[in-house]
Amino acid sequence: MELAVADLTCARGGVPLLEGVSFTLSAGAALVLRGPNGCGKTTLLRTLAGLQPALAGTVSCPPEAIAYAGHADGLKAVLTVAENLAFWAAIHGQSGVEAAMKAMNLTELSGRQAQHLSAGQKRRLGLARLMVTGRAFWLLDEPTVSLDTASVALFAAVVRAHLARGGAALMASHIDLGLDEARVLELAAFRAAPRLPQGFDEAFA
Amino acid sequence: MIALLTRDLRLAFRAGGGFGLGLGFFLILAVLVPLGVGPEPRTLGLIAPGILWVGALLACLLSLDRIFALDFEDGSLDLLATAPIPLEGVVAVKALAHWLTTGLPLVLVAPLLGVLLNLAPGAYGWLVLSLLLGTPALSVIGAFGAALTVGLKRGGLLLSLLVLPLYIPTLVYGAEVVIRGAAGLGVTTPLLLLAGITAGSAALLPFAAALALRVNLR
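Line order of the protein sequences matches chains A and B.
Per this note's numbering, the very first residue in the first sequence carries number 4; after that it's consecutive.
Per this note's numbering, the very first residue in the second sequence carries number 161; after that it's consecutive.
If you are wondering where the hints come from, they were derived from the structure by calculation, not from laboratory data.
Cβ coordinates follow ideal geometry from the N, Cα and C atoms, glycine included.
Everything hinted at is true.
If you want a taste of the chain B side facing chain A, the calculated C-beta under 10 Å gives, among others:
1. Ala163
2. Leu171
3. Ile245
Simulated coverage check for chain B against chain A, where a stretch passes if three residues somewhere in it have a Cβ under 8 Å from a Cβ of chain A:
4. 164-170
5. 174-188
Examples of chain B residues toward chain A, derived with CB under 7 Å:
6. Asp234
7. Gly235
8. Ser236
9. Asp238
10. Leu239
11. Thr242
12. Ala243
13. Leu377
14. Arg378
All chains, please: the whole structure from these sequences, using the hints.
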């Protein structure tokens, strides 16, 4: 199973940001997307996750095999750590909440409400959610924001374990993720030429 | 699906979940009307069916924007849209959760408020039945409105403007059932129309709402 992207054009607010994006991500591999702010990293990830349509191009892998983790962690403030994870596990028909909490060092916090977690702890919970989706391809948008060094190492270990199980990870990040084996894709090379279609009106984009 | 329903119910009952807001509004409205209109029992009895139905409708409206806005803000909606359950199912389940936490309590408390408004004795059964048949439509139509306005900052007012006109048929037939029931007339026709509106909205609007959500998530 692999994620093959061919000649993909994606747009934000009706304006094409990236065009001709092509890469292959096979099982067991990790790919890091790099590029300056606003170059379309998030847009590419959201397009691959099926949250927005691509203007052109193909993605070989159905959105059902992809787990997306965006800037927001999707946590409910008044639910506890364990309840938040158990909900996402139930939605995906999976178990393994305990193992996910253990892997992200959340076991001690399991009874605490998400609103009382620190930013880094919330992020760890958001990443633990990926482990209970049971999906092969992880799309991660700035996964290590607000994580300390120890937690980044924890995250790298979790991603490595996922790769070893035959999964794959596509990550957008500016900082070193502690994953030296990951390939790097520079998105600046795919920047779309600035162009506006005839009669373009942003209000109707 | 069950997990989503239990999560939404749990969220509604925890602190800040908004359970009881609509109920409290309904209570206050029913207490304020006799104060404003005067204690004349005959006048109150005349306007009671309409007031109770308008009150239920406005109470429902209060909590509509919570259906999707909270999930949109914390990113859960993105994750639900990529989850294995269909988005149409998500809409239907969230509308059901809204009805269980807002509509159903209104149905249960309405007879008590009928006493405050001097509702005719024969109308209590019809009041409960009409609300039971009509309030699910309020939740489903409201979920559709909430899906349309989900990405907008402070879209609550726009949501009310969009949804209230869509509530008119439910209000007309719902109040008609109670009025005719109070007068001892046959209620079959408005009751059937009310049930038809609910069945139709529950069958069609989840699809429209899911489509609106997909567009708003882009």
